[in-house]
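Asker: Chains B and C: place on chain A using the hints.
Line by line, the protein sequences give chains A, B and C.
First residue of the first sequence? That's 1 in our numbering, and the numbers climb one at a time after it.
First residue of the second sequence? That's 1001 in our numbering, and the numbers climb one at a time after it.
First residue of the third sequence? That's 2001 in our numbering, and the numbers climb one at a time after it.
Just so you know, these hints were derived from the structure itself, not from any lab.
Be a bit skeptical, because a hint or two may be false.
As the list claims (entries may be wrong) - Here are the simulated DSS-like pairs of lysine-lysine, each with C-alpha atoms no more than 27 Å apart in a straight line:
{"hint": "1", "chain 1": "A", "residue 1": "Lys37", "chain 2": "B", "residue 2": "Lys1107"}
{"hint": "2", "chain 1": "A", "residue 1": "Lys37", "chain 2": "A", "residue 2": "Lys84"}
{"hint": "3", "chain 1": "B", "residue 1": "Lys1107", "chain 2": "A", "residue 2": "Lys84"}
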Amino acid sequence: MNTAILEWSLTIAQIMLGIAMLLATFRMVNGPRAQDKVLGLDALYVVAMLELLLFGLRSGSSIYFEAALVIAILGFVSTVALAKFLMRGEVIE
Amino acid sequence: MSPEQDIPLWLALGVSILALLGAFLTLLGTIGLVRLQSFYQRIHAPTLGTSYGTASIVIASILFFSYVETRPVLHEVLIGIFITATTPVTLMLLGRAALYRDRAEGKDPVLPADEQADAVFPITSSRPHRQ
Amino acid sequence: MRRLFPYPLLIVAIALAWLFLAGFSLGQLLLGTAVALLAAQGLAALRPAKPRLRRWDFIPRLVGIVLLDIARSNIAVARVILSGEREKLRSGFVSIPLQLRDPVGLAVLATIVTSTPGTAWIDYSDRGGILLLHVFDLVDEDDWVELIKNRYENLLLEIFE
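One chain only, chain A, in its complex shape (with noise of 0.2 Å):
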């Protein structure tokens, strides 16, 4: 029973996250300007890490975990990388 709670709001949590995914991903897509774009893939990679540990409670293992510590490392390096490049490419242009 109490695990039956736990299942359901876990699901509608997860559908959620998946609509925030889908948001981001319109905001990654659509821009208007570079800068929107990469706002969008740095929410976008938050969401998905928030939606591997959902899947790491729903299945009762940690190797979700660690996927999602991988994503919260390489989203991170990879804005910073963009945001960077947003800067230094305008001025080379």
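Answerer: Only chains B and C this time, still in chain A's reference frame:
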């Protein structure tokens, strides 16, 4: 979670509420990301998900695994610390990059609209507006 | 001793993080400590400015204030996004002259300001010490200058300078 062992009600409710709250905050952040008007407004929106959105999902995960594995499981704290430390860095870099790009195009967002003419750089103002 | 163990806090933090990730055992403790020592040597080679903390006792108060403000700001921003008041919403930039000069203090202030949903740190000029802040729901500029200066900067000045 295995179906044969049922978890107590307080744990199910606590983890559920925390997970739902975190997901809701994150969803709100991305709704703001889509609906707000300018870039500088949008830069505020994802912070909803990275502050208390992440915090409450991380706490939910810690609670659940601490109970299931009958020992304190704290490695989710690492994700929390990591996100807290890195989000400001990316947002600051993005904010500065956006400001720099706007200024290079002669539209200084800091000045009010009627003072825009003073801010136009002679070299860059002739360049066509681009995305 | 100092040469062998620079940045003791960092060494402890890395060793603990290693133990969290790899599991608690004697072997992992040794391995984690070795990695932490190497990392600390690497950081020492970069010679970053050493932070000097004057008042440890103010840190819990700062953390409390910040957690409370983030919660309040979360609610405020969520309300604006949910309600249809986006047309009336007036966001804008605020310039704030800062007294704080300590690099670590400034980094902490930047983290606080950016973690709070309602405010974003956009630019900081080294020469005048002027911070350019973007505020999501800007009602009165002077209010925000007062808020940053009284609520955060004074505490950070006490802690770091």
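Asker: Each hint needs a verdict: does it hold in this structure or not?
Answerer: Structure-based check of each hint:
At roughly 20 Å between alpha-carbon atoms, A:Lys37 and B:Lys1107 fall within 27 Å of each other, so this suggested pair holds. For a cut-off of 27 Å, the pair hint linking A:Lys37 to A:Lys84 stands: about 14 Å separates their Cα positions. Restraint check: the Cα-Cα separation between B:Lys1107 and A:Lys84 comes to about 20 Å, which is no more than 27 Å; the hinted pair holds.
In summary, this structure violates none of the numbered hints.
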